[in-house]
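*Asks:* Chain residues, written in single-letter form:
4 protein chains.
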Amino acid sequence: MGAKAALAGASGYAGGEILRLLLAHPEIEIGTLTAGSNAGRRLGELQPHLLPLADRVLVETTAENLAGHDVVFLALPHGQSGALATQLGADVLVVDCGADYRLRDGADWEEFYGSPHAGTWPYGLPELPGGRAALAGTRRIAVPGCYPTVSLLCTVPATAADLVEPDWVVVAASGTSGAGKAPKPHLLGSEVMGSASAYGVGGVHRHTPEIVQGLRAVTDAPVTVSFTPTLVPMSRGILATCTARLRPGVTAEAVRAAYTAAYADEGFVHLLAEGQWPATAMVYGANTAVVQVTVDERAGRVVVVGAIDNLAKGTAGGAIQSTNIALGLAEDLGLSKTGVAP
Amino acid sequence: MGAKAALAGASGYAGGEILRLLLAHPEIEIGTLTAGSNAGRRLGELQPHLLPLADRVLVETTAENLAGHDVVFLALPHGQSGALATQLGADVLVVDCGADYRLRDGADWEEFYGSPHAGTWPYGLPELPGGRAALAGTRRIAVPGCYPTVSLLCTVPATAADLVEPDWVVVAASGTSGAGKAPKPHLLGSEVMGSASAYGVGGVHRHTPEIVQGLRAVTDAPVTVSFTPTLVPMSRGILATCTARLRPGVTAEAVRAAYTAAYADEGFVHLLAEGQWPATAMVYGANTAVVQVTVDERAGRVVVVGAIDNLAKGTAGGAIQSTNIALGLAEDLGLSKTGVAP
Amino acid sequence: MGAKAALAGASGYAGGEILRLLLAHPEIEIGTLTAGSNAGRRLGELQPHLLPLADRVLVETTAENLAGHDVVFLALPHGQSGALATQLGADVLVVDCGADYRLRDGADWEEFYGSPHAGTWPYGLPELPGGRAALAGTRRIAVPGCYPTVSLLCTVPATAADLVEPDWVVVAASGTSGAGKAPKPHLLGSEVMGSASAYGVGGVHRHTPEIVQGLRAVTDAPVTVSFTPTLVPMSRGILATCTARLRPGVTAEAVRAAYTAAYADEGFVHLLAEGQWPATAMVYGANTAVVQVTVDERAGRVVVVGAIDNLAKGTAGGAIQSTNIALGLAEDLGLSKTGVAP
Amino acid sequence: MGAKAALAGASGYAGGEILRLLLAHPEIEIGTLTAGSNAGRRLGELQPHLLPLADRVLVETTAENLAGHDVVFLALPHGQSGALATQLGADVLVVDCGADYRLRDGADWEEFYGSPHAGTWPYGLPELPGGRAALAGTRRIAVPGCYPTVSLLCTVPATAADLVEPDWVVVAASGTSGAGKAPKPHLLGSEVMGSASAYGVGGVHRHTPEIVQGLRAVTDAPVTVSFTPTLVPMSRGILATCTARLRPGVTAEAVRAAYTAAYADEGFVHLLAEGQWPATAMVYGANTAVVQVTVDERAGRVVVVGAIDNLAKGTAGGAIQSTNIALGLAEDLGLSKTGVAP
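Residue numbers (this note's numbering), protein chains in the order written: chain A, 1 to 342; chain B, 1 to 342; chain C, 1 to 342; chain D, 1 to 342.
Among the clues, some could well be false.
Because identical chains cannot be distinguished in the list, a pair is counted as satisfied if it fits within a single copy or across any two copies.
No farther apart than 30 Å at their CA atoms in a straight line, the calculated lysine-lysine pairs in the DSSO-like style are these [unchecked claim]:
no.	residue 1	residue 2
1	Lys337	Lys184
2	Lys4	Lys337
3	Lys181	Lys4
4	Lys337	Lys181
Because the hints were derived from the structure by calculation, they are not lab data. Note that the structure is predicted; figures quoted are calculated from it, not measured.
Build out the structure end to end from the sequences listed, making use of the hints.
*Replies:* Below you can see the structure in the form of structure tokens.
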């Protein structure tokens, strides 16, 4: 194996998914696994689906324990990655699944996160214009948020081609694993099964500035994004519905052509055949995003719908895809393009 | 009991919910129950949750079988109500849960339904401006579609008060019962559990003109609606997220005041306390709509979220509420304001 | 209204269901609502589906706050009811939804609960032989556990009629609300959706001695019960599958006759038509148990399957049914026989 | 690649899962895909999660179309495999996921399936005593039923070691995909979400004789099995709870030793650490069975619980595992030991 990886935060959902994927990765070996309050416990108690690693014991999350690896994945609550990352060697590839290094604008960071800005790292969404170039050879990667991943894949092509007013409305239905594994009453199975709910409404969700940032990179027009996340009764998956007003004279053909061009050569973004609409089941466990686009002539709008697995393409899969690029490996190593369905 | 009711279409979901609610209604007696291909069967085989009616036998859906009742509920596929309704006496209260008589504009009907327009009946959404007056004493009621019910309750107050540009974006997450009981592969439990999907995207869903019609009734400004329905893994409930651009200078206070004023005296629309957002579980089995509104200053938009039970307030409950009004009964007879949760 | 009721434990699932049902009860008025750590909060924050009570404020759970009511419902963790009950007047009807007063044998209590036995109160399962007589006029009621409710309704008729060896195997699939509202990692929606799991296996679940006790009351033969609870992805409902070896020569007709006789006059136990098997959806939100029985000739066994709503007939509904009896009211006041489905 | 495989029945759930697994198999190439009424359609319409195969077109299920492959997987309704199999060459490895060739006793077949018996092929459950030997080099494989797979893995070790009376009670909770993709009303999402139900009760399910057959192969004592399947709200997974009376004097240690010995060297059966109980989420998408065993001293019984993914280890995964053995490949090629969770 070419590289040895440590993982900080092995007991959470993002950490578990990184391990699930690394178990199938032919070029990355799984090294030290760390945790916070779960240090000292067997992984089998915490992530019982990772049967081949059941007897691994977690150690404390410290820079010392993470040393000696080629890659360090950080799957920690935001705010914790920043401090830890500074203690890891510059030659080590550090891949942060948290938010700390995603935003370029420190003011945005402080407004939405209420703490000092740690900095900015290359953004791990290779399918964006210039995305792959920013990742080649890097030793620091900021893995995008799950909502921004799918939202940007849906909104960037039309925005970059100047086909729409960049005043996007994004409404996303997410599975509950995006909210993490810390037990809170509103995340209990009894509460979420049979119920759809809205949260973080009115532009206050922390992923909002990240979506805006991604759009600003591809247009000079003023960008606004109305983003509303909702919680629906499933463990995994995000379905994002995105709409913006068409610029005058833009045809449905031009819109479709923009999306076809954007994703024709992308292995992990699949523009569906016309007439077929995304379902999160199509990409359950897969690193693929499925996307469809249409024009509503009466309303004068483009409507783009995308689906991803929030833990796979939206977190751990995206992390490994970017890691493969940074390490100079084939981009799809260890990543499935096939959903687990039904 | 004051009135005797027949039901055409007792084996489907809308019909079953009408019966569930009528079983608790103190002034309406359940008379003849009809069905199409299920005529001759015991209700207990088809609607096993309606235990007190288990031994009732369904008869064929004919005008003769429906005669002799004070109220006739039609819970039939669209297109079937029109023909049948003409054969029912003018003094009988006919309550159509189908689409046939909802639209005022025949051209809209023909465009979206592809068949001749049957006509227009009073629209059964009492909470709309003028809604109750149109229903008092009527002998014909067109029960609104489930999506229009919640969408109009969310969008009418801001539109009527001219606080927004009436260019609404509505994205709704629906439970599967809205798609009915006819078995289709994409509605199988194996397909819908664990998956969120979009359908009818691009302004083609038949409920779109119904939402537009409701908004046009309260504004002279040109109305557009971008409506996207999605299917999420639950049996009941719709969560609608609605957003429109604020007119210049409109404050958050003015917006909230409009919604407070609209629903202060409504028993079945509950504007939640500030900071609390709708969840469909709050209204499971209830005739209540829960609504919340906020302003996104950065995006310059109002965001309104509403939740209903699509079978209750969205169909059968709304039907009975309007029936109560038409019959001069207390509007809330037989209707619960309490959700079944968790 | 004839009676005024206080509720201790208004923020949990059992307490919420008691309130949901009392809101529809014509003879019981809802008085003081108490809570532990949630005292001081609006009910609307904690039980948002109880919309008519949204502005009620919870007070602390003390005997003083509970005084001055005709009925006190206790919906508290086991161990807390015992101490509180002794401070409530002997003329007050105290209805304990916890386990403290269910078991007659103090040794059983100590073995399974590991604390001193509080005592024994009349057992709130009217459908058991002698059940109603024990409740008439009582001022203390021990509401049965949810699993024992359905298990005893399934197993008592065949046992009492001596048709089987009373060596029962009971495997029950429960919704997650039976585990309560205290957030624990294994009860997160992300964990329970898409997964069925076993727990409390090997005769260690605390409801086991309660089932055994109910069977010992109807037979002199030695009773054993192998009880296995499982958790399945739904909020409400228990499906219990119960089997025992037929005594030699017992016919399928004799078995069916025993169940028909047992439940012919019971309003809340519905023996399904032959060939139809229970589903928990049939009784969602209802106080009804549905039961079916058959004989497996090859295996020489009777198989009985029953379904209840664990929060309704299994807790709050059963509590109110017994309360009605104790107060001399019609037994079915405020209780639905109709499930909310689909 | 060493072998080329055709698949008959590519539009159903079993067929889809075979393709999902073969896409990750390094030594088997995917050849012709056939269907019945779906012949002529793109796979992308029918199995949209199999994105890499989206443009494959299905052809009709005929022996001619299936010719020219090293392996033919049959994923057809029972009764159809028998006729087709006789037309396939004796040197072709034919792997039947249907029931036609599972039972050794023609009388059992006729009683439970009501049609002439096609014959008996080597049984594809390598973990049974002698299971691997029967499969080595074979050119015909009968893939076990999903319920028998998990039931036999749970019950055979104690039976073979004569630790229990072989009078087993098996109650299994299954996801809905086991019922297939043909749309039926009771399998609609609206019906299955939020509901657990029993079916095929009383020893009439067709998998019953298959479980009995597997147990008879390891004991001379008379075998009876009371098998009850239930449907719970999830797409995939079976949780089986199995209990039998301990023979006098048998200790818990002896029981555990038997299971430890049986599965110590098995890669796809994982005896959990003591105290941990199976959940189907542990094996979602994986070819692994997780098993746990305990003794209930009071009831005098062993209780064994097992979980599998019905489509993976229970059908397609088991099929490929046996195929690997028959072809002389490493047994675990293309098969995951890791569940997709949460």
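*Asks:* All hints, please: hold or fail.
*Replies:* We went through each hint and held it up to the structure:
1. Lys337 with Lys184: between (33 Å within a copy, 27 Å between copies)
2. Lys4 with Lys337: both (24 Å within a copy, 21 Å between copies)
3. Lys181 with Lys4: So Lys181 and Lys4 pass the 30 Å test inside one copy only (26 Å; across, 42 Å).
4. Lys337 with Lys181: both (26 Å within a copy, 23 Å between copies)
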